[in-house]
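With the sequences and hints as input, model every part of the structure.
The numbering used here puts the sequence shown at residues 1 to 320.
I should point out that these hints are in silico values taken from the structure, not numbers from a laboratory.
Here a beta-carbon is modelled for each residue, glycine too, at the ideal position from N, C-alpha and C.
Among the hints, erroneous ones may be present.
As the list claims (entries may be wrong) - No farther apart than 27 Å at their CA atoms in a straight line, the calculated lysine-lysine pairs in the DSS-like style are these:
#: 1; residue 1: Lys134; residue 2: Lys207
#: 2; residue 1: Lys106; residue 2: Lys245
#: 3; residue 1: Lys255; residue 2: Lys242
Stated by the list, open to error - Per label pair, the in silico range of CB-to-CB distance:
#: 4; residue 1: Asn87; residue 2: Thr107; range: 28 to 36 Å
#: 5; residue 1: Leu225; residue 2: Thr107; range: 25 to 33 Å
#: 6; residue 1: Asp118; residue 2: Ser82; range: 50 to 58 Å
#: 7; residue 1: Gln229; residue 2: Ala145; range: 32 to 40 Å
#: 8; residue 1: Lys134; residue 2: Lys106; range: 37 to 45 Å
#: 9; residue 1: Gln229; residue 2: Asn103; range: 27 to 35 Å
#: 10; residue 1: Met148; residue 2: Ile190; range: 16 to 24 Å
#: 11; residue 1: Gln142; residue 2: Gln229; range: 29 to 37 Å
#: 12; residue 1: Asp116; residue 2: Ala219; range: 23 to 31 Å
#: 13; residue 1: Lys242; residue 2: Ile218; range: 30 to 38 Å
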Amino acid sequence: MLTSSTSSIPIPSGDIESEHSDSSPNIPFYPTPNCTAATPSTRFNVPITNVIHIHQPDTPASLAASLGALTATVASLAATISGALANIESNATAVANMAATVNELKTVIETMQQTDADVAESNATTAETVFQIKTALNTVQQGQADAMQSNATNTAILVELNAAVDAMQQVHADSNATTGATLDELKAVIGSMRQKQVDQDIMLVAKDTAARGQEDKIADLETQLERAQSERGKALAMLNEKKAKDQSAVAEFDKAIEHAQFEREQAFRKALDKCRASANLDEPHETWVLDQAMNLCNDAIEDVRKDGYGVMAMYNWEEG
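Next up, the structure:
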């Protein structure tokens, strides 16, 4: 963060009037301020150099008035720079708040991505269950076909047995004593086989009913699968919309950083212009103060730029 400090301006030491030689006793001597020659400033394409003129005021009162004006100029410059620094702190707070908002949006995106993965895993489990039920249904249907084939075989046997009974009845007509018992046994066997056929028919009906129930269950699972896929499509659409909004928020964040940098530079440019307008380049002390103020403004602008680059680097690192 940029800081501002008010420092006193060094006043050259020395007597107002120094007796250097007897040949010029009435000419006062004013020492030159302790300042070094500055190189031309090219930051704003305005070459500025220190201009030092040796001016000899008529009286000490004139020098005191010049120093008073110089003090007022420095105070005005300090107030201008303090206001610019307050504006910089406010902009830095806004940039930090926007960075926190971007982090929250990243957390929401990660949650949506985890939800999408959970939905995909649930869909895979449902599809596997449907496949297993279909396999079981195929097995039941194959068993039902085998049972029907067995029933047809039993019917053929019954026909043959009925023919045998008819033959035995013919024999019974010839010999009741011999064939009566045999005929009763055959009728008992036929009755038992018919009862078995009835029981088997009942079992086939039950298996057919169970198979139909399995088909209904499969249809219900397929409906649930379609519904889950539809919900997944909606979730993906919402996620894409959220991503678009997040990208827009990041763009606004970039614009805010650029705007903050622009406002900071404008504030220090105004302070520099005010320094130029208020300083008298013909006075050596005021020229020196102007050069010091320009250096302070230039350093502050450079700090603002570095601060902006640091925020952008931190943001890019978080994105990576």
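> Which of the stated hints cannot be reconciled with the structure, identified by number in ascending sequence?
Replying inline: none
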